[in-house]
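Chemist: When you get a sec, could you build the whole thing from the sequences and use the hints?
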Amino acid sequence: MRDQLMSDGIENFDFHIARGVESRKLSELILSGDYVPQRAQRILVEKSKGLCRQLVIPSVKDAIVLQCLSDALYFEVKGKAPTKKAFFEPKDHKFSIQQSGYGTFSSWLNFQRALFEFSKTRKFIVVTDISNYYDSISYVHLRNAISSISGVDECVIDMLIYVLSDLLWQPDYTPRIEVGLPQMNLDAPRLLAHCFLYELDAYLASAIGQDFVRFMDDIDIGVDTVVQAKQVLRAVDLVLQTKQVRLNSGKTAILTQSEAITHFRVLENARLDSVQLNVDNRLKSGLPLDRHRKLITARISRGSRKKAFDTGSGEKILKRWLGLAAKSGAWVKPEILEDIVRRRPAVRESAYSYIRSSPLRRSYADVLARASTSGLLVDDAAMVEMANFLVETLVMTRHSDAAIKQIVASNDPRNYFGLYSKLWLLSKYGGTSDLLFTLQSTISLWSPHERLGRLAASFTPLFRGSPDEIPFKNLLAGSLNPGVRDTYKFHVKLSQDPKTFALMFDSLKAPNPSRGTGITHPKFLCLLSALLNTSAPPARVIALKSNHAKAFTDSYYKAISKRLGI
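Residue numbers 2 to 567, in the working numbering, belong to the letters of the sequence shown in order.
If you're looking for bench data, these hints aren't it; they were derived computationally from the structure. Hints are not guaranteed to be accurate.
Unchecked claim - Straight-line Cα separation of at most 30 Å, DSS-like style, residue types lysine-lysine; simulated pairs: (1) Lys26 with Lys490; (2) Lys85 with Lys50; (3) Lys124 with Lys307; (4) Lys121 with Lys308; (5) Lys79 with Lys62; (6) Lys62 with Lys500; (7) Lys494 with Lys26; (8) Lys231 with Lys285; (9) Lys285 with Lys62; (10) Lys48 with Lys406; (11) Lys285 with Lys50; (12) Lys50 with Lys334; (13) Lys563 with Lys510; (14) Lys563 with Lys546; (15) Lys334 with Lys474; (16) Lys317 with Lys50; (17) Lys307 with Lys50; (18) Lys317 with Lys252; (19) Lys244 with Lys79; (20) Lys334 with Lys85; (21) Lys546 with Lys559; (22) Lys48 with Lys317; (23) Lys328 with Lys48; (24) Lys510 with Lys546; (25) Lys406 with Lys62; (26) Lys551 with Lys406; (27) Lys500 with Lys474; (28) Lys50 with Lys474; (29) Lys406 with Lys50; (30) Lys86 with Lys26.
What the hints assert, rightly or not - Pair by pair, the computed Cβ-Cβ distance ranges are: (31) Gly466 with Ser28: 39 to 45 Å; (32) Ile444 with Asp72: 48 to 54 Å; (33) Ala560 with Pro176: 52 to 58 Å; (34) Ala203 with Glu179: 32 to 38 Å; (35) Leu278 with Asp413: 43 to 49 Å.
The model shown is predicted, which means the values in this text are computed figures rather than measured ones. Where a beta carbon is used, it is the ideal one built from N, C-alpha and C, also for glycine.
Modeler: Shown next as structure tokens:
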């Protein structure tokens, strides 16, 4: 659930420690036919030029159901693909800082390597993908495609489609149509979308005189003549038409070998592989990285100046350089980061991640402040991600306070995601009075929504012993929100009950090294409640403080802990 764009206020720990009971209840609902997916939250994520896709954020229960169904389906279809040239595997669910858009990072890398290989030998490369792929998949064709794979239980397919169709966005209160898969950060829709194209894989694998690779709906084919290129495009489009989907003509291109090498950045990727290997080896050996930092800074600066990241796979290269900059501590000019946040939605997360990788610089805080008020961040995800990354960025001094206040103020609390971002930022960078005022003035917006109710109640430890504690508790009680009830009860138990403390200890003691503060923000809020528990064993309290010593060097976290007497 940490992969979802919206953070849960207590990281779903209440469900986690009761997962046995909750799973049995969920199983009973499913077996009795009474299970119904909860209403999913949908968030706009910009693709480019202001065009947005709707990403679904499922509830934790629906995520578990979908993952179990997806695992069952993958167990049956694994090894039954018509070719090994279609690269997709579900995520391995291990904690890792390496992520890709779909499935495991290794499967995406294998796709890239196979593509690079035949782009060096074939005279022409056909680059194409499917137009509005997820939105165009028919459930009838999908069920037929999956059912044809031997060994797949029909009940698994039926329930997967039932749950996904219920999570799919459609205009309010209109009849449902059996077309389209929701896009979300879970395996289930991706696995179905992958298997949907097995017939196309079989056709491409049987053709003589060509190479191909596929990663989801990205299809690349190597041929030796323009005639072959046009013929294969015509044939692929006809195969897809039988499933009522079509190729995207705007993203289809026939490239010469030299154009393909430039488009896919074969040489840059090879250079990046070499630099990354050197950086990793030197980090392991404790050797200095001064020369590598200068190289990374120069490559990013030169690429931005020459607009080398604007075409082909340029943005993928930029993301890799930013990843290396974060790992090595290389300097990236503030104006480059500002351009990325304003103009490159596909790279924003990498820019935010880079900023989070080191203590917050004033120049970078100013970049985020200017971007947040520029009007160019038209999607919901831009500010939500900025808030998520900023609360987990280590802030050693208050020199960026004005910029952070500007970012907080730029979020509109009159809409769902603006309120989420504002509350989340205030929970670290604001006082209890600011947080309480925002909650009181927006209760009509957050009280009907369980997710926002959970967020509001997750601030319980921040109000402990403050003059605003009683008004805050009264506000929560008056909301009659189930998310408030569950989250508030969890915090109370964690701060008073020795059994709950013991159940949470292993989860709380583990640091999160990918975060600038060394801990996720929801876990920090839970940590506060745990450290306030007077029934907790003193040795374990000391262990929690020791394991998260880095978090308490943060200026704002330090002030919170000092006020609470921790």
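Chemist: Run every hint past the structure and note whether it holds.
Modeler: Hints versus structure:
1. Lys26 with Lys490: holds, 20 Å
2. Lys85 with Lys50: violated, 35 Å
3. Lys124 with Lys307: holds, 28 Å
4. Lys121 with Lys308: Holds: lysine 121 and lysine 308 sit about 24 Å apart, inside 30 Å.
5. Lys79 with Lys62: holds, 25 Å
6. Lys62 with Lys500: holds, 24 Å
7. Lys494 with Lys26: holds, 22 Å
8. Lys231 with Lys285: Not OK: lysine 231 and lysine 285 at ~50 Å, beyond 30 Å, violated.
9. Lys285 with Lys62: Roughly 40 Å between the alpha carbons, so the hint for lysine 285 and lysine 62 is violated.
10. Lys48 with Lys406: holds, 28 Å
11. Lys285 with Lys50: violated, 41 Å
12. Lys50 with Lys334: With Cα atoms ~24 Å apart, lysine 50 and lysine 334 stay inside 30 Å; holds.
13. Lys563 with Lys510: holds, 20 Å
14. Lys563 with Lys546: holds, 13 Å
15. Lys334 with Lys474: It is violated: about 45 Å lies between the C-alpha atoms, which goes past 30 Å.
16. Lys317 with Lys50: holds, 18 Å
17. Lys307 with Lys50: Holds. Lysine 307 to lysine 50 sits at ~21 Å (cutoff 30 Å).
18. Lys317 with Lys252: Holds, at roughly 17 Å.
19. Lys244 with Lys79: With Cα atoms ~22 Å apart, lysine 244 and lysine 79 stay inside 30 Å; holds.
20. Lys334 with Lys85: violated, 42 Å
21. Lys546 with Lys559: Between lysine 546 and lysine 559 the Cα gap is close to 12 Å, so the pair holds against 30 Å.
22. Lys48 with Lys317: holds, 14 Å
23. Lys328 with Lys48: Since the Cα atoms of lysine 328 and lysine 48 sit roughly 26 Å apart, the hinted pair holds (cutoff 30 Å).
24. Lys510 with Lys546: Between lysine 510 and lysine 546 the Cα gap is close to 9 Å, so the pair holds against 30 Å.
25. Lys406 with Lys62: Violated - the C-alpha atoms of lysine 62 and lysine 406 are around 36 Å apart, more than 30 Å.
26. Lys551 with Lys406: holds, 24 Å
27. Lys500 with Lys474: holds, 24 Å
28. Lys50 with Lys474: Roughly 44 Å separates the two Cα atoms, so the pair is violated.
29. Lys406 with Lys50: This hinted pair holds, its Cα atoms lying about 28 Å apart.
30. Lys86 with Lys26: violated, 41 Å
31. Gly466 with Ser28: 39 to 45 Å: Roughly 42 Å apart at Cβ, these two residues keep to the hinted range, so it holds.
32. Ile444 with Asp72: 48 to 54 Å: For aspartate 72 against isoleucine 444, whose Cβ atoms are near 40 Å apart, the range 48 to 54 Å is violated.
33. Ala560 with Pro176: 52 to 58 Å: holds, 54 Å
34. Ala203 with Glu179: 32 to 38 Å: violated, 25 Å
35. Leu278 with Asp413: 43 to 49 Å: 45 Å Cβ-Cβ, so the 43 to 49 Å window holds.
The earlier numbered hints that this structure contradicts are 2, 8, 9, 11, 15, 20, 25, 28, 30, 32, 34.
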